[in-house]
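*Asks:* Sequence:
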Amino acid sequence: MEDVLLQLFRNYCTPEWQEVTRANLTRLIYAPGEPIFKEGQPCQNMYLVARGRVKVFARYGPDTEVILRLVGDHEVLGHRGLGDDMIYPVTAEALTETRLNFLPIQVFNDLLKANPEFCFHFLYFMAEELKRSETQRKDQLNMTVRQRVAWGLQKNMNAFGFDTQDKKLLTYSLSRKDLTAVANTTYESVVRTLASFEQEGIIELVNKQIRILNKRLLGKAIRG
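In this note's numbering, the protein residues as written are 1 to 224.
No lab work stands behind these hints, which were simulated from the structure alone.
Given the structure is predicted, the values throughout are model-derived calculations rather than measurements.
Note that beta-carbon positions come from the ideal geometry of N, C-alpha and C, so glycine has one too.
Be a bit skeptical, because a hint or two may be false.
List of simulated lysine to aspartate or glutamate pairs, EDC-like, C-alpha gap at most 16 angstroms [said to hold, decoys possible]:
(1) K220 / D178
(2) K155 / D73
(3) K155 / E134
(4) K177 / D63
(5) K168 / E204
(6) K208 / D163
(7) K177 / E16
(8) K177 / D85
(9) K113 / E16
(10) K155 / E129
(11) K215 / D178
(12) K38 / E93
(13) K167 / E204
(14) K177 / E188
(15) K215 / E200
(16) K38 / D85
(17) K155 / D139
(18) K220 / D139
(19) K220 / E188
(20) K168 / E198
(21) K155 / D178
(22) K38 / E65
(23) K220 / E198
(24) K208 / E198
(25) K215 / E198
(26) K215 / E204
Have a look at the derived ranges for each label pair, beta carbon to beta carbon [stated by the list, open to error]:
(27) N109 / R216: 39 to 49 angstroms
(28) E134 / N109: 22 to 32 angstroms
(29) Q106 / E129: 15 to 25 angstroms
Let the sequences and hints guide you as you build the complete structure.
*Replies:* Written out as structure tokens, the structure reads:
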């Protein structure tokens with residue numbers, strides 16, 4: 001599977017600009033817990049996740065972190081920094097060892113100007129992601145704690161998928177702390193709710209990992 005942007009480059013950029021893109025792409029490897037960019041930093045690059053797991057979050061005060069997006073293989077990072085001020089409004093941090101390709105933002109901006117069809121499709125990509133993000137956050141406002149934790153588990157499942165050998169084991173299970181930041185609740189509430197889900201046969205807790213035993217019941221927990 002190709003990175004989203006690489007596919008757009010190939011499909012909607014001229015051959016000359018495809019060559020420019022390939023010549024300017026750089027690969028970096030980030031360790032778990034290492035920031036890729038931080039809230040308030042200048043937007044300098046557009047990132048493509050070749051392989052890895054990343055969380056995108058905002059801080060509300062010194063102790064409150066809200067995870068806005070989970071990013072897996074072949075997805076895009078850094079586009080939230082585009083705009084008049086060219087400042088990242090969020091932080092992106094590697095959850096696992098993560099391999100990224102990045103393109104300098106000036107090259108990316110020139111590419112947008114020179115390739116209108118690429119610009120059109122990238123605009124639609126951004127609009128779709130913004131719409132999805134706003135819908136999710138609006139829905140979450142009306143959810144109980146139980147619903148939000150179930151929603152967080154589903155978000156984890158949809159972003160990172162399942163182990164190739166064990167089809168019920170999440171390939172990467174969010175920590176309790178990160179699940180708290182996704183569900184926008186307290187750590188204690190997450191622990192209690194996970195224990196309840198395990199008793200109900202929805203999930204199985206295996207040390208720090210999570211197995212989703214019943215997707216239907218998980219969906220039912222989200223709907224309330």
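*Asks:* Look at each hint and say if it fits the structure.
*Replies:* Comparing the hints with the structure gives:
no.	hint	in the structure
1	K220 / D178	23 angstroms, violated
2	K155 / D73	15 angstroms, holds
3	K155 / E134	14 angstroms, holds
4	K177 / D63	12 angstroms, holds
5	K168 / E204	9 angstroms, holds
6	K208 / D163	15 angstroms, holds
7	K177 / E16	46 angstroms, violated
8	K177 / D85	32 angstroms, violated
9	K113 / E16	14 angstroms, holds
10	K155 / E129	14 angstroms, holds
11	K215 / D178	21 angstroms, violated
12	K38 / E93	8 angstroms, holds
13	K167 / E204	13 angstroms, holds
14	K177 / E188	10 angstroms, holds
15	K215 / E200	12 angstroms, holds
16	K38 / D85	15 angstroms, holds
17	K155 / D139	13 angstroms, holds
18	K220 / D139	15 angstroms, holds
19	K220 / E188	22 angstroms, violated
20	K168 / E198	14 angstroms, holds
21	K155 / D178	12 angstroms, holds
22	K38 / E65	13 angstroms, holds
23	K220 / E198	15 angstroms, holds
24	K208 / E198	13 angstroms, holds
25	K215 / E198	13 angstroms, holds
26	K215 / E204	12 angstroms, holds
27	N109 / R216: 39 to 49 angstroms	46 angstroms, holds
28	E134 / N109: 22 to 32 angstroms	25 angstroms, holds
29	Q106 / E129: 15 to 25 angstroms	23 angstroms, holds
Violated hints, in rising order: 1, 7, 8, 11, 19; the structure is consistent with all others.
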